[in-house]
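*Asks:* Given the sequences, and given the hints that come with them, work out the whole structure.
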Amino acid sequence: MSIARAERLAARPWAARLVKPEALTGYGLISPAVFLMLVLLAYPFVLAVSISLTDRVLGEPGKFVWLENFLKLLQDSLFRQTVWNSFVYTISTVFLKLVLGIILALLLNQEMPYRNLVRGALLLPWIVPTSLSVLTWLWMFDSLFSVVNYILLGLGLISKKIPWLGDPFWAMVSVIIVNTWRGLPFFAVSILAGLMTIPRELYEAAETDGARAPRQFWHITLPLLQPVIAVVVLFSTIWTFADFQIVYILTHGGPINATQIFATMAYDVALVAGRIGEGSAISLFLFPALLVVIILLLRYLRRE
Amino acid sequence: MSRKRFRIVRRIFGLYLPLAAFLFFALFPFYWMLISSFKGNPELYNLQANRLWITHPTLEQFQELFAKTAVLQWLWNSFFVSFLTSMISMTFGIMAGYALARLRFPGAQVFGLATFVTYLVPTTLIFIPLASVVQYLGLSNTIWSLVVTYPTFLIPFCTWMLIAYFKSIPRDMEECAMIDGCSRIGSMVRIVLPMAIPGIIFSAMFSFTLSWNEFVYALTFISSTTHKTMSVAVPTELIRGDAYFWGELMAASLIGSVPVALLYSFFMDYFVSGLTAGALKG
Chain A
8 MSIARAERLA ARPWAARLVK PEALTGYGLI SPAVFLMLVL LAYPFVLAVS
58 ISLTDRVLGE PGKFVWLENF LKLLQDSLFR QTVWNSFVYT ISTVFLKLVL
108 GIILALLLNQ EMPYRNLVRG ALLLPWIVPT SLSVLTWLWM FDSLFSVVNY
158 ILLGLGLISK KIPWLGDPFW AMVSVIIVNT WRGLPFFAVS ILAGLMTIPR
208 ELYEAAETDG ARAPRQFWHI TLPLLQPVIA VVVLFSTIWT FADFQIVYIL
258 THGGPINATQ IFATMAYDVA LVAGRIGEGS AISLFLFPAL LVVIILLLRY
308 LRRE
Chain B
167 MSRKRFRIVR RIFGLYLPLA AFLFFALFPF YWMLISSFKG NPELYNLQAN
217 RLWITHPTLE QFQELFAKTA VLQWLWNSFF VSFLTSMISM TFGIMAGYAL
267 ARLRFPGAQV FGLATFVTYL VPTTLIFIPL ASVVQYLGLS NTIWSLVVTY
317 PTFLIPFCTW MLIAYFKSIP RDMEECAMID GCSRIGSMVR IVLPMAIPGI
367 IFSAMFSFTL SWNEFVYALT FISSTTHKTM SVAVPTELIR GDAYFWGELM
417 AASLIGSVPV ALLYSFFMDY FVSGLTAGAL KG
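Just so you know, the sequences run in chain order A and B. Take the first sequence: its position 230, counted from the start at 1, is 237 in the numbering used here, and no numbers get skipped. Take the second sequence: its position 148, counted from the start at 1, is 314 in the numbering used here, and no numbers get skipped.
There's no promise every hint is true.
Claimed, not checked - Far from chain B, some chain A residues (derived; all Cβ distances over 10 Å):
(1) 75
(2) 77
(3) 83
(4) 163
(5) 173
(6) 206
(7) 213
(8) 214
(9) 218
(10) 233
(11) 261
(12) 264
(13) 310
Stated by the list, open to error - Quick list of simulated restraints, FRET-style, between CB atoms:
(14) A:261 x B:208: 28 to 36 Å
(15) B:276 x A:56: 16 to 24 Å
(16) A:261 x B:213: 20 to 28 Å
(17) A:164 x B:182: 15 to 23 Å
(18) A:150 x B:184: 29 to 37 Å
(19) B:223 x A:157: 15 to 23 Å
Rather than coming from a laboratory, the hints here were simulated on the basis of the structure. Keep in mind that this is a model prediction, so the values were computed, not measured. Note that beta-carbon positions come from the ideal geometry of N, C-alpha and C, so glycine has one too.
*Replies:* See the structure below:
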């Protein structure tokens, strides 16, 4: 850097700060990541908005139609059902994962033989490729050969076969079971991590004061787990809301759209039917949910 | 004596039985995948037999799979994409994570926040326009479309994990090295990276797993059989119309699941500590 240039920069304090070696190194180090994010994340998002405002179909550019796609969707009964399904799917699975996750974390936090092995085994559903494990569930729910029915009938818990994927109600139950199966390890491990940070002395003090296990849970464990629970629930909410593979492989949105959710409908409309403008609009309905989750998370993390 | 017995009963009902139920729920699908792939078709579709056991184990399904499908090609594609994308993402993630954890420069906080936000963006929000971008880049229907796009969700993850790890390493050691004449980058490579190895291994492994398991982009960008990855090829190529070859499907699912399960069993300690660390910081 020439002296003249350095002097010029010194006259502008913000510019001087920018060219400080530390700042230069910083910008250099983050630039590849930032570049990739701009090109392959920010730009596609802008593109999604602009495509959703056109009536573009596969192979044709389409013309600008303002908010027509969105307005049409809001009046479409199939889309309304998709919205309803997405909420049912998200709320029930997040609730199940949370309750079961707390129970499982409490169990795993106790002393037991082979504890690490047990913890590892319970994580498997979360590690293995979802599309492949969901295929196994598809086979387990097969209309003729369902092993789930085989076991339930054998144990005498049901008297006739359950039409897992063939009936609108049971199809929703099926996708909820599989999503819970897949997401439970994430909840359990995160909550377990939270449990391990709670000091033992708190429980010992409660013990001497005569508080029994349920009261200890409500007054010590749950309040102290609150930060972990909030983060886990928010993460899981957006992931489940935008989920694709479980429904795509298990029911493909059916029967008669009983399990159609945002992502599967967007895929069908945009890439199967070729109505790209409309499909983009469906995808964008995920954005408000994402925004709410981000705002809540940032607020929460700032308070912590 | 009765007190001791009470304690045993409580342990059985309060710990072992519920835990056994959870283990059954978590592991039964894998057991079913395993035994289905070692059964021959007559046994697989025999409703009269004891279906929870194998009487005539056979490798038929695997032989069929290797003879009739491009399963080795799909496995190779998965390895290639997962290895390359996790390496790229780790490199960029280490650079960005170090900068955001250690260096002070205008805008650093905003970038940190942006990393966190992009980590949350679901792939299903942008997969439609991203397909146009991939096409514009001339990468449609090649595995390079995945090599280019997977880092968009891996880099934010790696960066975010590594910021936390880098922050936990004391600054003094680095400053000593820099006083002794080491450059900023030199001290990062020689002092900080070796100390962050557990975090780096965890992030690399998890990136590999995320790439290996990715479905939406691979389904959208790739249509040729020979360019597909395991997670997409098995459900799309092995189900032909209404015909489900369950034995082959389960054998292929097993083959696609074993690599990540193995990887993870070798590095389980890093994995569990990494996960819990992430959850605590998150």
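*Asks:* None of the hints should be skipped; say for each whether it holds.
*Replies:* Now for the hints, and whether the structure bears them out:
1. 75: holds, 17 Å
2. 77: Correct as stated: the minimum Cβ-Cβ distance to chain B is 15 Å, above 10 Å.
3. 83: holds, 18 Å
4. 163: About 16 Å separates residue 163 (chain A) from the closest Cβ of chain B, which puts it past 10 Å; holds.
5. 173: holds, 14 Å
6. 206: The assertion about residue 206 (chain A) holds, with a minimum of 14 Å to chain B.
7. 213: Answer for residue 213 (chain A): holds, closest chain B Cβ roughly 18 Å.
8. 214: holds, 16 Å
9. 218: Holds: least Cβ distance 18 Å, greater than 10 Å.
10. 233: holds, 14 Å
11. 261: Consistent with the label, residue 261 (chain A) stays out of reach of chain B, its closest Cβ about 14 Å off (over 10 Å).
12. 264: About 18 Å separates residue 264 (chain A) from the closest Cβ of chain B, which puts it past 10 Å; holds.
13. 310: Given that every Cβ of chain B is farther than 10 Å from that of residue 310 (chain A), nearest at about 14 Å, it holds.
14. A:261 x B:208: 28 to 36 Å: holds, 31 Å
15. B:276 x A:56: 16 to 24 Å: holds, 22 Å
16. A:261 x B:213: 20 to 28 Å: holds, 25 Å
17. A:164 x B:182: 15 to 23 Å: For residue 164 (chain A) and residue 182 (chain B) the Cβ distance comes to about 22 Å; the hint holds.
18. A:150 x B:184: 29 to 37 Å: Distance hint for residue 150 (chain A), residue 184 (chain B) holds at roughly 32 Å.
19. B:223 x A:157: 15 to 23 Å: For residue 157 (chain A) against residue 223 (chain B), whose Cβ atoms are near 20 Å apart, the range 15 to 23 Å holds.
The structure agrees with every numbered hint stated previously.
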